[in-house]
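Colleague: Listed below, chain by chain, are the residues.
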Amino acid sequence: MKAIRNLSVFALVLILCMTLVCLPASAHRVVVVGQVHEMQVMAYYGGGAPMVDANVEIYAIKNGQEELYLTGKTDAEGLFYFEPKIGVSEYRAVVEATGHKGEEFVNLTAGAGVAGAEQEGTGLPLMQLFAGFGYLLGIAGIAMLLKARKMEK
Amino acid sequence: MVHISDGILAPWLLGSGWVITVAILAYALSKMKIDDVPKLSVITAAVFVASLIHIQFGPTSVHFILNGFAGVMLGVLAYPCIFIALTMQFFLFQHGGLTTIGINTVNIGVPALVSYLIFRTGTGLSIRTKVGNTKHRMVLFGAIGGGLAVMLSLAFVAVELITTGEQFLETAVLVVGTHIPIIAVEAIFTGVIVGFFATVAPDLIHKR
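Residue numbers (our numbering), protein chains in the order written: chain A, 1 to 153; chain B, 1 to 208.
Excised from the complex, chain A in its bound form (with noise of 0.2 Å):
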């Protein structure tokens, strides 16, 4: 009897001790998952207008592989939201209206091509503007060359 005791204390004192030891460490391994939950597209022509009501295909890319995964329209801002595909973090968005159309990549784990859109300013490219002055002048000057060229033949 008196064993039988013993026993019971024994196995109750390992349970405690057991109990105790383990708190503090869950026996459930912890998954973090981060999941962006909606993406936005936003459509503007050269010099900062918004496209509205533009029609937009979003392809998701998964090793390589496109498929289309959404289609939709522009709201009056230029703006398209939709939700990214769980493990798919490379998109191609195609926005198009009457004739005009660009295209995006998309990338989750690199910030989302924000950088690409902040480059492109909205005012007046005047660099380019000066670059096609001085293209136009190259381009008259060899045209006056070969005409003249040919009247002194």
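By construction, these hints were calculated from the structure, which means they are not laboratory data.
Model, not experiment: these values are computed from the prediction.
Where hints are given, some of them may not hold.
Unchecked claim - Cross-link-like lysine-lysine pairs, in silico, DSBU-like; alpha carbons within 30 Å at most:
hint	chain 1	residue 1	chain 2	residue 2
1	B	Lys31	B	Lys135
2	A	Lys153	B	Lys39
3	B	Lys31	A	Lys153
4	B	Lys33	A	Lys153
5	A	Lys150	B	Lys39
6	A	Lys73	A	Lys62
7	B	Lys33	A	Lys147
8	B	Lys39	A	Lys147
9	B	Lys31	A	Lys147
10	B	Lys33	A	Lys150
11	B	Lys31	A	Lys150
12	A	Lys101	A	Lys73
We have chain A already, so just place chain B on it with the hints.
Modeller: Leaving out everything else, chain B in the frame of chain A:
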């Protein structure tokens, strides 16, 4: 709106655009004289920059085209002018597309030639009208040419967009509707400039 981007139209349409453009370019350049080059360059610069001037109207933003103006000022040479301007607009401002330069030049350049024909026929009319003297007729037909060229360009674009499955009437109404201010402004602009040149330097206006 008139700059169609890459990857929208079918290859046969892009191809025929290039064929027409190359043909008209070859013809126009063969007609070009050395004296025309400076004027061609200046007008090309104007057309090139014009597409940067945007007007926010309703849901879309529209920009100047100035093809009617080019037509009235340059005649047949308006075609190379628009070709060069469009090519530079693509490479420098990313307007339109590379494969579509041919068809875009047709869309903008052919109406320019039409506006030149209207201008030439109109100013050459010997019928006595209320707008009797040549300068008044130049202003009137310059304005008509300037406005009509834009409208024709829009019609061309709308027709081409049918092939992509867009509804013609819907697209045409949308495109023309949003461009009404541009049509009006370009008509007035062309009329005024032509009137100005008719007074100051009549030689600058294309007559042939």
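Colleague: Sort out which numbered hints this structure fails and list those numbers smallest first.
Modeller: none
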